[in-house]
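Student: Chains A and B, in that order, are what the protein sequence lines are.
For the first sequence, our numbering assigns the number 1 to the initial residue and increments by one for each residue that follows.
For the second sequence, our numbering assigns the number 1 to the initial residue and increments by one for each residue that follows.
Each hint can be trusted.
Computed spacing ranges between beta-carbons, pair by pair:
1. 173(B) with 118(A): 43 to 53 Å
2. 163(B) with 217(A): 36 to 46 Å
3. 191(A) with 120(B): 33 to 43 Å
4. 190(A) with 67(B): 54 to 64 Å
5. 205(A) with 18(B): 21 to 31 Å
6. 40(B) with 220(A): 54 to 64 Å
7. 132(A) with 62(B): 26 to 36 Å
8. 206(A) with 18(B): 21 to 31 Å
9. 119(A) with 21(B): 11 to 21 Å
These are calculated hints, taken from the structure and not from any lab test.
Note that the structure is a prediction, hence the values are computed from the model and not measured.
No residue lacks a Cβ here, since even glycine has one placed at the ideal position from N, Cα and C.
Each chain, written out:
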Amino acid sequence: MAKRKRKSTPAAPGLGPAEQLDRAIGAVVSGTRGPRINLELAELLSIADDLRGLPRGDFKARLAAELTAPKARPPKPSPRRARSRERQRQSRQEVTPMKTPQPTGATSAAPRQNLDPVMPFMHIRDPATALDFYRDVLGAQVLMRETEPDGVISHAMFQIGESRFMISNPASRHLSEYAERGWSRTPQELGGTPVHLYIQIEDVDRAFAKAIAAGAKMVHEVGDMQWGDRVGGFQDPWGHIWYVATPLTKA
Amino acid sequence: LKRSDTTAEQNAIEAAQRDPRRFADLYENNFERVYAFVVRRTRSREQAEDVTAEVFHQALKNLPRFQWRGVPFAAWLLKIAANTMNDHTKRLKREIDIANLQPPAGGNFPQVEDRARLFRLVERLPDDQRGVIVMRFAQEQSIREIAAWMGRSEGAIKQLQLRALKSLRAAMEKANG
Chain A
1 MAKRKRKSTP
11 AAPGLGPAEQ
21 LDRAIGAVVS
31 GTRGPRINLE
41 LAELLSIADD
51 LRGLPRGDFK
61 ARLAAELTAP
71 KARPPKPSPR
81 RARSRERQRQ
91 SRQEVTPMKT
101 PQPTGATSAA
111 PRQNLDPVMP
121 FMHIRDPATA
131 LDFYRDVLGA
141 QVLMRETEPD
151 GVISHAMFQI
161 GESRFMISNP
171 ASRHLSEYAE
181 RGWSRTPQEL
191 GGTPVHLYIQ
201 IEDVDRAFAK
211 AIAAGAKMVH
221 EVGDMQWGDR
231 VGGFQDPWGH
241 IWYVATPLTK
251 A
Chain B
1 LKRSDTTAEQ
11 NAIEAAQRDP
21 RRFADLYENN
31 FERVYAFVVR
41 RTRSREQAED
51 VTAEVFHQAL
61 KNLPRFQWRG
71 VPFAAWLLKI
81 AANTMNDHTK
91 RLKREIDIAN
101 LQPPAGGNFP
111 QVEDRARLFR
121 LVERLPDDQR
131 GVIVMRFAQE
141 QSIREIAAWM
151 GRSEGAIKQL
161 QLRALKSLRA
171 AMEKANG
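In isolation and in its complexed conformation, chain A is listed as follows (with noise of 0.2 Å):
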């Protein structure tokens, strides 16, 4: 932990510690003399110091994606990009955070990732459990959260094999104006899917297996398909139908 000396003034009389350790805080923040304060928040006010240089929520998991991706690294930023990035930075903190909806999920800031031509975007409420299961039962690869403040997941993507799929929560502040008009409503919403998922796996019986084990509802059957696959479909706790797939020469 980082130990700074600072000349200080005295407290203000009357102030309850969650006052006197924020104005504290506050100048230290501010590079401004803060008041005197007793050790227990000045260790407190330790950890402050440490915590500014905590990384914003979203660049972990925008990084991640971003390796999983080599060929979309950017360029490295010239000055002049770095200062344009500074005035967008500036730009963003003057606008009520996540008020506007942005469909892709990234943040104006956010280099552009290197997506698949078709990406299906899934509505799910409980983004997190869902996460668990797609793990669990398709060996998913969780590649991007966006988690808000409050800690709701507002978007996520993830990888089964070569391909990626995107999740929105319509329960997430960033998407209320979209769910308020309608645009996005999950299965168990409509009634019903009118999209199906069809994914090629490894083992087509052991994903079937569990993801039943795990409370999915079979749509169908594990069976040997003319076209080659092996194919057992269900439909996922969150009403999303899966149909998963191993070529006949594998299984």
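Fit chain B to the given chain A structure using the hints.
Tutor: Just chain B now, with coordinates in the frame of chain A:
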């Protein structure tokens, strides 16, 4: 690193050398370390993010040539970070404190480890406390802005901030034994 951690890290490196998609594990284990090292030595979050991104892209690119010599993988990443920051500052033609950019010798970097642990512990806070910490420190918002966003009073936000920092202090003490 404990012996078991060392073995796990060596396995993770070898796995990523065989299959670059497994680099995700190394990234997950070291992101906070690199960012914690970089953010205190750069002038803005944007620069810290650019440098951190470049470190991991270089690491991914050069991983096949990486040879395990028992030094934590993070030490290699921090060396890349120091070189990257050096390049950035040269490009910007600004005077810098070169000594401040040297990576910690021998993989011993308690301050970086402490801050990285602190950043990870934020993720384990209760939702409302984490929200306040993220908005206050990562998004640099005022108490008033946070209060408006969360629909609570400024006093309530200050109390949440106090509780969150106390929780983090307790968690850090526990983690440090």
